[in-house]
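Student: Spelled out, the chains give:
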Amino acid sequence: MTAHAGEGLRADVVVERGDFRLEARVTVDPGQVLAVLGPNGAGKTTLLRTLAGLGALTDGTITVGQDTWDDARAGTFVPAVDRAVGLVFQDYRLFPHLSVLDNVAFAARARGAGRGRARREAAGWLARMDLDQVARCRPGELSGGQGQRVALARALASDPRILLLDEPLAALDARTRLEIRGELRRHLPAFAGPSILVTHDPLEAMVLADRLFVLESGRIVQEGTPSAVARRPATDYVARLVGLNLYPGTLTNRTTGRVDLDAGGSLYAAGVGQVPDDDTATLDAVTGTSMLVVLAPSAIVVHTHQPDAGSPRNKWTGVVAGLEMLTDRVRVAVDGRPSALVDITPAAVADLCLVPGQAVWLSAKATEVIAYPGRPAGSVGATWTATVNPWS
Amino acid sequence: MGRAPWPLAVPAVVAVAFLMLPLAGLLLRAPWRDLPRLLVESQALDALRISLTTASVATVISLVLGVPLAWVLARAHFRGRSLLRALVTVPLVLPPVVGGVALLFALGRRGFIGQYLDQWFGITLPFTTAGVVVAETLVAMPFLIVTVEGALRSASLGLEEAAATFGSRPFTTFRRVTVPLIGPSLLAGSVLCWARALGEFGATIAFAGNLPGVTQTMSLAVYQALENDSAAAVALSLVLLVVSIGVLALLRDRWLHPGATL
Numbered sequence: 001m002t003a004h005a006g007e008g009l010r011a012d013v014v015v016e017r018g019d020f021r022l023e024a025r026v027t028v029d030p031g032q033v034l035a036v037l038g039p040n041g042a043g044k045t046t047l048l049r050t051l052a053g054l055g056a057l058t059d060g061t062i063t064v065g066q067d068t069w070d071d072a073r074a075g076t077f078v079p080a081v082d083r084a085v086g087l088v089f090q091d092y093r094l095f096p097h098l099s100v101l102d103n104v105a106f107a108a109r110a111r112g113a114g115r116g117r118a119r120r121e122a123a124g125w126l127a128r129m130d131l132d133q134v135a136r137c138r139p140g141e142l143s144g145g146q147g148q149r150v151a152l153a154r155a156l157a158s159d160p161r162i163l164l165l166d167e168p169l170a171a172l173d174a175r176t177r178l179e180i181r182g183e184l185r186r187h188l189p190a191f192a193g194p195s196i197l198v199t200h201d202p203l204e205a206m207v208l209a210d211r212l213f214v215l216e217s218g219r220i221v222q223e224g225t226p227s228a229v230a231r232r233p234a235t236d237y238v239a240r241l242v243g244l245n246l247y248p249g250t251l252t253n254r255t256t257g258r259v260d261l262d263a264g265g266s267l268y269a270a271g272v273g274q275v276p277d278d279d280t281a282t283l284d285a286v287t288g289t290s291m292l293v294v295l296a297p298s299a300i301v302v303h304t305h306q307p308d309a310g311s312p313r314n315k316w317t318g319v320v321a322g323l324e325m326l327t328d329r330v331r332v333a334v335d336g337r338p339s340a341l342v343d344i345t346p347a348a349v350a351d352l353c354l355v356p357g358q359a360v361w362l363s364a365k366a367t368e369v370i371a372y373p374g375r376p377a378g379s380v381g382a383t384w385t386a387t388v389n390p391w392s
Numbered sequence: 001m002g003r004a005p006w007p008l009a010v011p012a013v014v015a016v017a018f019l020m021l022p023l024a025g026l027l028l029r030a031p032w033r034d035l036p037r038l039l040v041e042s043q044a045l046d047a048l049r050i051s052l053t054t055a056s057v058a059t060v061i062s063l064v065l066g067v068p069l070a071w072v073l074a075r076a077h078f079r080g081r082s083l084l085r086a087l088v089t090v091p092l093v094l095p096p097v098v099g100g101v102a103l104l105f106a107l108g109r110r111g112f113i114g115q116y117l118d119q120w121f122g123i124t125l126p127f128t129t130a131g132v133v134v135a136e137t138l139v140a141m142p143f144l145i146v147t148v149e150g151a152l153r154s155a156s157l158g159l160e161e162a163a164a165t166f167g168s169r170p171f172t173t174f175r176r177v178t179v180p181l182i183g184p185s186l187l188a189g190s191v192l193c194w195a196r197a198l199g200e201f202g203a204t205i206a207f208a209g210n211l212p213g214v215t216q217t218m219s220l221a222v223y224q225a226l227e228n229d230s231a232a233a234v235a236l237s238l239v240l241l242v243v244s245i246g247v248l249a250l251l252r253d254r255w256l257h258p259g260a261t262l
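Line order of the protein sequences matches chains A and B. Residue numbers for the first sequence follow my numbering, beginning at 1 and rising by one. Residue numbers for the second sequence follow my numbering, beginning at 1 and rising by one.
Just to be clear, a hint being listed does not mean it is correct.
Stretch by stretch, here's where chain A covers chain B in the computed footprint (C-beta under 8 Å, at least three residues) [claimed, not checked]:
| id | stretch |
| --- | --- |
| 1 | 22-32 |
| 2 | 71-81 |
| 3 | 238-244 |
Residues from chain A shown here face chain B by an in silico Cβ test under 7 Å; the list is partial [claimed, not checked]:
| id | residue |
| --- | --- |
| 4 | L54 |
| 5 | G55 |
| 6 | A56 |
| 7 | F77 |
| 8 | V78 |
Pairwise CB distance ranges, derived in the manner of DEER restraints [claimed, not checked]:
| id | chain 1 | residue 1 | chain 2 | residue 2 | range |
| --- | --- | --- | --- | --- | --- |
| 9 | A | S143 | B | A249 | 49 to 57 Å |
| 10 | B | L250 | A | E141 | 52 to 60 Å |
| 11 | A | S143 | B | A106 | 20 to 28 Å |
| 12 | A | A123 | B | S156 | 21 to 29 Å |
It is worth saying that the hints were derived from the structure and are not from the lab. Heads up, the beta-carbon is just placed ideally off N, CA and C, and yes, glycines get one too.
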């Protein structure tokens with residue numbers, strides 16, 4: 001369906017409900033997929049519901065193409081029924097009393113199309129999505145993965161101006177998730193309008209989205225391409241999701257690349273302000289600039305004795321706080337200045353005889369330490385100044 | 001399922017006896033041979049026709065008026081909704097004969113509405129078949145409202161929301177989504193309403209009287225027969241019993257299952 005091609009979404013969303021305040025400025029170009037990543041309670045679903053017209057703005061505006069859907073100050077509000085939004089609900093919300101075919105034909109019927117035409121079009125969508133064999137089934141007879149695909153087909157078949165997906169893979173088991181992620185990867189680019197995908201799975205965002213917003217406590221704390229966000233997380237939440245150590249600090253020596261960390265300790269970073277794989281790398285990092293420092297757990301080496309001089313520039317001590325077996329490696333949490341997560345092989349754990357409470361030395365090459373100016377806005381600062389410790 | 005402990009088993013057996021013995025008595029006393037003659041003489045067919053027609057019309061009226069009211073009680077937000085719900089269910093607990101008397105004072109020829117019906121439109125309801133319908137509707141509609149409202153409350157709002165995002169207007173959503181979803185409860189409520197209307201006695205006799213061929217329903221006919229000819233009363237009762245068992249059979253799957261919504 002290309003009836004609405006070329007329309008972008010611009011939303012300046014402020015929603016207040018009790019103590020909760022959601023504030024997000026979102027623009028999505030036609031054909032673009034925006035992922036909104038955030039923990040539970042961050043306001044992701046509220047954002048989608050507001051865009052869909054199931055809730056009103058407290059302040060701000062929502063426009064699609066030339067049409068204003070919501071303008072709190074002007075008193076404009078277009079209800080959901082008139083917005084033509086394709087919303088894929090987290091729990092699918094298929095109509096249990098209708099066949100799969102009639103579910104997909106529902107929007108056309110509701111907008112006045114005859115049964116025959118609506119069904120023919122719906123059958124076309126089912127064929128396109130490889131669902132023709134379940135066309136006569138009731139939703140109750142479908143597997144979770146099929147239900148999700150039918151929900152997507154129903155949303156796409158409604159000829160929406162924008163497509164909204166609320167945690168499309170959350171209710172699926174790991175294997176089905178893989179399969180449906182592939183399906184979405186195939187079908188989302190075919191949609192000509194703006195799409196927004198809400199998720200708390202960074203992998204989903206990486207695979208499906210062109211752009212990524214990180215929403216925490218009702219605010220967008222970071223935006224960028226998924227890979228840039230993953231390499232340079234701005235908050236503890238994202239750093240944990242992608243498995244990185246993240247330290248806020250202050251650049252104290254531009255020449256040596258020394259960053260004093262807010263939570264104690266310091267790290268030397270080679271090439272401060274030049275982030276690999278980033279085109280906007282010319283950053284004005286001068287002494288005194290607030291920095292974020294990331295360090296991959298695999299880039300840190302654990303020693304039971306002080307490492308030799310002349311080896312990596314970053315060396316510090318700590319105490320083993322815990323060990324966790326990941327699929328092929330062991331993640332060691334070390335309390336120190338700074339605290340860090342370190343990934344080592346099971347063999348190394350045995351060789352080093354690592355146990356909780358043991359004092360260790362850590363080292364990391366300056367070339368592995370990535371520092372970039374940054375500090376997320378305002379209120380969330382308090383949450384990410386804490387050091388990374390998954391056991392705390 | 002284990003064996004029932006005796007403090008439960010004994011009262012249960014007594015309850016079964018209590019519920020079943022009167023029916024057994026009815027069947028034992030039934031004048032099987034004279035049945036056709038008795039039914040003809042006691043104008044049973046007229047009474048049955050009036051009973052079935054009025055109960056059915058009362059059920060249709062209850063559906064047309066009661067389902068929207070149930071929707072309003074379950075979905076609309078306004079001040080005094082709880083009060084309205086309480087008022088609506090008053091006829092549920094009110095002795096039907098009181099309801100009939102109340103109807104007489106409201107819709108009777110001297111009633112505060114009835115006098116205008118009479119003066120302006122020439123409509124009199126008391127002691128007419130239409131009056132029977134009114135009396136039955138008053139008593140039976142709350143059963144439908146309560147059943148349907150409960151179903152609407154437990155039906156998922158999420159599906160109606162989904163329908164709205166696909167461009168379905170509220171009334172279309174009501175027809176295409178809500179009604180099918182509450183279908184079983186709607187059926188159960190209708191049957192319950194119909195059975196209640198069929199068995200109505202107090203309100204009918206107070207408001208519509210007991211005129212054979214006009215307002216005499218089966219229940220009234222049984223009552224009248226009991227005073228003159230008990231054999232005829234038994235015969236009429238048997239007919240009502242058959243109708244009730246028919247209703248029971250219809251309800252068996254939908255309503256009598258444990259956990260089904262009332």
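Student: Hint by hint, note whether the structure agrees.
Tutor: To see whether the hints hold, each was checked on the structure:
1. Three residues within the 8 Å Cβ limit are the bar, and the stretch 22-32 of chain B against chain A gives 0, so the coverage statement is violated.
2. Given a C-beta distance limit of less than 8 Å, the hint that chain A covers the stretch 71-81 of chain B is violated, as 0 residues qualify and 3 are needed.
3. With 0 residues having a Cβ less than 8 Å from any Cβ of chain A, the stretch 238-244 of chain B misses the three-residue criterion, and the hint is violated.
4. Hint status for L54(A) relative to chain B: holds, with the closest Cβ pair at about 6 Å, below 7 Å.
5. This hint is violated: G55(A) has a C-beta 10 Å from the nearest C-beta of chain B, more than the 7 Å allowed.
6. This hint is violated: A56(A) has a C-beta 14 Å from the nearest C-beta of chain B, more than the 7 Å allowed.
7. The interface hint given for F77(A) is broken, as the beta carbon of that residue sits about 14 Å from the closest beta carbon of chain B, more than 7 Å.
8. The closest approach between the C-beta of V78(A) and any C-beta of chain B is roughly 12 Å, which is over the 7 Å cut-off, so the hint fails.
9. Checking the proposed 49 to 57 Å range against S143(A) and A249(B) shows it is violated: the Cβ atoms sit about 37 Å from each other.
10. For the pair L250(B) and E141(A), the beta carbons lie near 27 Å from each other, so the given range of 52 to 60 Å is not met.
11. At about 58 Å, the beta-carbon gap between S143(A) and A106(B) misses the expected band of 20 to 28 Å.
12. Our hint of 21 to 29 Å for A123(A) and S156(B) holds, since their Cβ atoms are close to 27 Å apart.
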